[in-house]
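S.K.: So the protein lines, in turn, are chains A, B, C and D.
According to the working numbering, the residues represented by the first sequence are 1 to 387, in order.
According to the working numbering, the residues represented by the second sequence are 1 to 387, in order.
According to the working numbering, the residues represented by the third sequence are 1 to 365, in order.
According to the working numbering, the residues represented by the fourth sequence are 1 to 365, in order.
FYI, nobody ran anything at the bench for these hints, they're computed from the structure.
Errors might be hidden in some of the hints.
Partial selection, computed: residues in chain C whose CB lies under 8 Å from chain B [claimed, not checked]: (1) TYR37; (2) GLN119; (3) ASP265; (4) VAL274; (5) TYR359.
Beta carbons are placed, not taken as given, at the ideal position from N, Cα and C, and that holds for glycine.
So the chains spell out like this:
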Amino acid sequence: MAFISSGYNPDKPMENRITDIGPRHFEEFYPPVIKKNKGQWDYHEIVKPGVLKHVGLSGDVVYTVRVGAARLMSVTHIREICEIAEKHCGGHLRFTTRNNVEFMVETEAAVDALIADLASRKFAGGSQKFPVGGTGACVSNIVHTQGYAHCHTPATDASGPVKAVMDEMFTYFQSMTLPAMVRISLACCLNMCGAVHCSDIGIVGIHRKPPIVEHDRLDNICEVPLAVSACPTGAIKPAKVEIDGKKVNSVAVNASRCMYCGNCYTMCPAMPLASGEGDGIVLMVGGKVSNRISMPKFSKVVVAFIPNEPPRWPTLTKMIKQIVEVYAKEARKYERLGEWAERIGWEKFFELCDLEFTHHCIDDFRDPAYYTWRQSTQFKFTKHIEA
Amino acid sequence: MAFISSGYNPDKPMENRITDIGPRHFEEFYPPVIKKNKGQWDYHEIVKPGVLKHVGLSGDVVYTVRVGAARLMSVTHIREICEIAEKHCGGHLRFTTRNNVEFMVETEAAVDALIADLASRKFAGGSQKFPVGGTGACVSNIVHTQGYAHCHTPATDASGPVKAVMDEMFTYFQSMTLPAMVRISLACCLNMCGAVHCSDIGIVGIHRKPPIVEHDRLDNICEVPLAVSACPTGAIKPAKVEIDGKKVNSVAVNASRCMYCGNCYTMCPAMPLASGEGDGIVLMVGGKVSNRISMPKFSKVVVAFIPNEPPRWPTLTKMIKQIVEVYAKEARKYERLGEWAERIGWEKFFELCDLEFTHHCIDDFRDPAYYTWRQSTQFKFTKHIEA
Amino acid sequence: MFGYGGGVIGRYCDQPEMFPGVAHFHTVRLAQPSGKYYTAEYLRGIMDIWDLRGSGLTNMHGSTGDIVLLGTTTPQLEEIFFDVTHKMNTDLGGSGGNLRTPADCLGSSRCEFACYDTQDLCHTLTNDYQDELHRPAFPYKFKFKFDGCPNGCVASIARSDFSVIGTWKDDIRIDQDRVKAYVAGEFKPGGGSHSGRDWGKFDIVAEVVDRCPTGCMSYDGAKLSIDNANCTRCMHCINTMPAAVKIGAETGASILLGAKAPILDGAQMSSLLVPFVVVEQPYDEIKEVIENIWDWWMEEGKNRERVGETMKRLSFQKLLEVTNIKAMPQHVKEPRSNPYIFFKEEEVPGGFAHDEKAYRQRHMR
Amino acid sequence: MFGYGGGVIGRYCDQPEMFPGVAHFHTVRLAQPSGKYYTAEYLRGIMDIWDLRGSGLTNMHGSTGDIVLLGTTTPQLEEIFFDVTHKMNTDLGGSGGNLRTPADCLGSSRCEFACYDTQDLCHTLTNDYQDELHRPAFPYKFKFKFDGCPNGCVASIARSDFSVIGTWKDDIRIDQDRVKAYVAGEFKPGGGSHSGRDWGKFDIVAEVVDRCPTGCMSYDGAKLSIDNANCTRCMHCINTMPAAVKIGAETGASILLGAKAPILDGAQMSSLLVPFVVVEQPYDEIKEVIENIWDWWMEEGKNRERVGETMKRLSFQKLLEVTNIKAMPQHVKEPRSNPYIFFKEEEVPGGFAHDEKAYRQRHMR
Ligand code: SRM
Ligand code: SRM
Ligand code: SRM
Ligand code: SRM
Ligand code: SF4
Ligand code: SF4
Ligand code: SF4
Ligand code: SF4
Ligand code: SF4
Ligand code: SF4
Ligand code: SF4
Ligand code: SF4
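Start from the sequences, fold in the hints, and give me the full structure.
M.R.: See below:
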């Protein structure tokens, strides 16, 4: 990082100022074959894992090679991506909505050359820099948030568990042998930056301790009424506290009503709730956003707490692997994880996946909780029912 | 009604007092064939509408003839029922959970004699006193509440609309040509005395005006805090009101928050809300309680308001007839009304039944309302969507 | 009634001047016998009393299940009670904040689907809980209903706080010869429940196998098979072929809790609490569940709060705790979709306390 | 940024003493081009700026869709903005209580399923609403996302307050020759999405017809037919046989409103508001819906209340009123199951007033 003036004059901030121009127009970036065939595509094929072939009504063809990406990328890494695009794709590339990188070429020969080049690029440790995959009935890139790297409320890390889980899922990234796509997402706190609440597998950081109240500074850096009204459960009340013989305005938290959502901390930095022993992960499964066959669904809590276990998060990865493997074996073709669980019934899901069902999995949040209980005699007998 | 002492001595209420004996033991009332074969029934048949045949593992057979009943019965009518039972059934009979009367005999000849006798009994006007029916894929008796006859909160009558609707449904009572049973119930107010909220067709009386507040006597006959806390929407506040120059304690109702549920009136008779112009009927459809195929379901509001139109309730009966006839034509065998509506989608239900969909049909009661909105692009195009 | 707190509903006419004869016009509820079987003799006895001492109008039966006698005057009340107990050996029903008169389907008395003796259970509990029935001590009304099987002919899941519904845990019994007889048209599907309309020839695959909600049935052209581990006992195959397909032999019941009408917070159906319980005299296991629930609800329930509302307010988890039942996936249709999970302090290492100093060493202010 | 209220997220290190270099370490969000196509030249330009003026670490892309540049110091902010606008002809993205950077799937640029030009709509609205994007005037954040079809590749239904999802209103187009080719194995189902595992030979009935959620398809051994009036456009048949089965020709989009993450009241997905709208420049019809919603939400929305929460609090009916949309059954999955219906005073004859005297004539006290 260096400071060289751009031409901006702090004394005359409006001088030469350009504002409200928005992003660049997308057409400037289209590869020629895209520009020509836009809106005129006939059909597509997935030639092999990671390689799409789109055929235009014109007869034109574009091959897309999809490459896994870590999302948090250095300038150097992006320059290397640019170099590849220049070498093989006339300088064009794109990013997908799940943060993979796509290189587009027009012939099979070009595909082969591109893939050979990609395969040759490795990290120092020997692992692939640009793994090809992420198409069809696969595990694509894990959408995730910033975690310890760059956010202030995380209850778990992002890059760490993502890497650990993805290593375990890597064969599914490079193949298409699952019954349907399995979308895995991670959010490091309940703010859930991303569609984690509607993912086949959602990894979500949670706190388990009510916030610390830093009485000595709360009144200086927060507004008490804002902190009080931030709480969705009404657990926060204004309170007078004595510090060094002086009465100060602060708040009191009713621990038994707190569900550790962290919204008070968002509004008031004097109420942190992160904690080494308290924090960890909740595992949610069965969500989806596509309207294919069934309507979009929320993910459901199947493991209420998994401890943070850096650097390899063994419990988390084991559980996810278990779920994905049972699903792969049991579900029907085209059936998403949540569709499968609903078809067989959640009691069977827990049995087959060998997960413990705890009282934490039962909804107790507000009125809608009632609708998740079972108002029926329809259920399957599983080992959960004692003989 | 006459006053002749039973032997009870008001001065010594405990003398000869018998308490806590409960109902009579059921076995005292069993017909012999029932007593003998209890727990040993093999299977049943419905010989014809209204006539069940149960076959025991012993080879014994009992025929049950089911007879429609008005539920509100006079002593005279019940004595006639007793007479029939004595004549044909050794003095035994029973009532069903939907208030029909069942006569049990042991031979086909006895069935014929019984039915001939029943058919011969008519009301002065010529209508059947003891219509046989109510089995299988039929419209059975309408379960209803007391209405104007004997309750204090009704928003509609019970016997009136029940008679009008049942007259229209009578062929379905005496046949088994529907796709599945259609259970019709009526409740004269939102207290819904009965399983109206889970009926194929639920007729429910509703008010549409916030309560009158009788300031001049409220404080005398109700407790203000009870009235205030009775309201589920928090529409009631304590208020001081001036009457003839004197301040009295009373309450004020925020009309825009009132949903006319009448709970305040239950708690405080100085807050009546019945009204000639305001009251009427809401029509709910698609509920069920059986666990057959699908889980039990609540009924849904499909017509938010139908005026009270005594004595024949023409709008109500027309709408019900329309729904039942479309259902009869469109649904699959064994498919209950609600199962059919869900399979084709509610938008199709409204289209096929030619019912207007109004904003009143959209849920706006508390958090769960959200889950009834459509979080999907899956819908069918109907005439409701303008071209 | 002296010493009782329920069974009579005070009714006062809105127009006493116009109809002085019915200025007070109370309702009397009598406990009906389980299953609602009667002899003419008994009914006549009741009618005679009502003819003498009441309006002569009845409601046979009320929605809860009682014999409801509509309209009498205050002085007659004790006389009626005296007659009814002395002459008819019958008691009043419930009303007010107490146990309401329990009701049942006719169960095994005349139904091949019954998984337990609804009438015996209904009668026994009614008698064992006479005190709870007559002397209001509850926050609000409490209803028992007993269905012999999942068909729910007394609608217990919709109409009772405590719903007992028959079920079984072993395999559905299939008589393959009779299956063939159904296919051949010798038995009518549903026992003839759909006669009188041309639905075509009975198609066992379309009408039974394909309608099974779990898809756990198959028919190979001769033999009907069920993968019982995946059956949810919905009754459809049994209802459709009652002579050939029968409930299992190891029968019992499920217990569900909390049904109520819409007032105040919206209607509820009962929610599954005990998936399977053996139903045998003296019914101690069932009574234990009931009494645990009552103890809790009498302690925690607000005035005029049905137990369904109490469990909604205090959580299903709390209900499990007070009934000593372990959480299991059968309790839910689906697990929660929000991650707003409460933990008990003892479930969190170090409890709810933070090491504030250590925290501020890692995270400066 | 001077004159802007969003695009930079202030980050201050928790341990400034230990890491003085990153004591403040802000995040800069740049608006990504619609569809996220790039030229290497452009990307290099951005990287050069970031190499010079930032940490060199990026988040490509953030979950909302921005190019996220992670970590720079306060004095660099205006410099970066100057460079980015002058050199790269690119603007900042959104943050705070404003319109967030809209995002889209690649749509018709490379997808045969696209029902409208997602990129053009995304770009046009982004530019037309630059003011709303840069200058926070909303109660809270507001997100647009644009999916070309119900497959939802940008997850708009889960991640955007205002979700535009392509659809069509005429018939699905079927090329029967190509259907035969699929059956013959000349095309792979799903374009080969399930290769590498032996799922058996493609079975059009089991894999397509029987999986249609509405049961509106049939296959007679040669011809595939669709009863389009009962199709809900779920895409399954199209996804499975993309060369033979195609979206209709009369295309447009559905508009859904209100998705949000769990904080505060639980997560929501967007709810259907406009079932079908034609999507054509200058997009006035869509903009009218947007602006009606904004006007209402800016008026009625509480501080930090997402529009999904506002509609939950004030009712779907209210939303329909402010957007001038008539209630229709498409708005709901099912009608309400409670009878707690509010009526407007003008809907009730005589309004809310009672004739108390007349009432007390009918009903004495
Ligand atoms: C490139 C991308 C759009 C973009 O603008 O970037 C894209 C591209 C395609 N999607 Fe997608 N989808 C993309 C994200 C998504 C998402 C969003 C997400 O995952 O966050 C979804 C919704 C996921 C969900 O429901 O949870 C998504 C749900 C689908 C579906 C529905 C699948 C299902 O079974 O529910 C299809 C249809 C199919 O797969 O046959 C589909 C189909 C397709 C097709 C076949 C469309 C076409 O004809 O070109 C494209 C290639 C699919 C493939 O890779 O196998 N795409 N697709 C996104 C690639 C993400 C990645 O790098 O992995
Ligand atoms: C007599 C009675 C029980 C009693 O203790 O009084 C009874 C008796 C039978 N019911 Fe029922 N049901 C009786 C009320 C009910 C109710 C309760 C109600 O309507 O309030 C229900 C639940 C209704 C609902 O779901 O909304 C009920 C749901 C069933 C079902 C499930 C049908 C379905 O399609 O969902 C069956 C199975 C069947 O019909 O094949 C059934 C089957 C039967 C069978 C066939 C059982 C048997 O093998 O004997 C009996 C004769 C049926 C018939 O009449 O066609 N019974 N049955 C009740 C007669 C009421 C009447 O007078 O109409
Ligand atoms: C008589 C009866 C209606 C009938 O025609 O059959 C009835 C009549 C009344 N019911 Fe009921 N309920 C009757 C069965 C029911 C049922 C059905 C059932 O028990 O299976 C329900 C729905 C199930 C339930 O309990 O939720 C029912 C739900 C209500 C409610 C709503 C309770 C709730 O929690 O939502 C009220 C309101 C209240 O308690 O204040 C109510 C209140 C009333 C009151 C006491 C209202 C009043 O003060 O006027 C009515 C007394 C009228 C009278 O003169 O007796 N009644 N009530 C039924 C009792 C007869 C019997 O004992 O057999
Ligand atoms: C950077 C990013 C995560 C990422 O790694 O990609 C992010 C990061 C933050 N989000 Fe987010 N959110 C990001 C996309 C999302 C999304 C996904 C989306 O937009 O599609 C969501 C879910 C969708 C939604 O909007 O509901 C999301 C839901 C939230 C929420 C919950 C809002 C709610 O109504 O429930 C918060 C909490 C808040 O606003 O106080 C939040 C708050 C935050 C804050 C501002 C919390 C904070 O003050 O620390 C984070 C700022 C970190 C930083 O240094 O920039 N973020 N946030 C994403 C934005 C990058 C971009 O502009 O492209
Ligand atoms: S999920 Fe939470 S911790 Fe993670 S980036 Fe979003 S706000 Fe920050
Ligand atoms: S963490 Fe959430 S629930 Fe707990 S006090 Fe803070 S705002 Fe309230
Ligand atoms: S539904 Fe209402 S009006 Fe009718 S009997 Fe019950 S409480 Fe009375
Ligand atoms: S009728 Fe119901 S909503 Fe209206 S004031 Fe009375 S209790 Fe409240
Ligand atoms: S509930 Fe079951 S056992 Fe009872 S009568 Fe109905 S079908 Fe028979
Ligand atoms: S009882 Fe129901 S679920 Fe079980 S096999 Fe029969 S139809 Fe299927
Ligand atoms: S949402 Fe539809 S149009 Fe857009 S990329 Fe996905 S499949 Fe294609
Ligand atoms: S799009 Fe879906 S609903 Fe329509 S025909 Fe195809 S599979 Fe059926």
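S.K.: All hints, please: hold or fail.
M.R.: Results of checking the hints against the structure:
| no. | hint | verdict |
| --- | --- | --- |
| 1 | TYR37 | holds (4 Å) |
| 2 | GLN119 | holds (5 Å) |
| 3 | ASP265 | holds (6 Å) |
| 4 | VAL274 | violated (16 Å) |
| 5 | TYR359 | violated (35 Å) |
Violated hints, in rising order: 4 and 5; the structure is consistent with all others.
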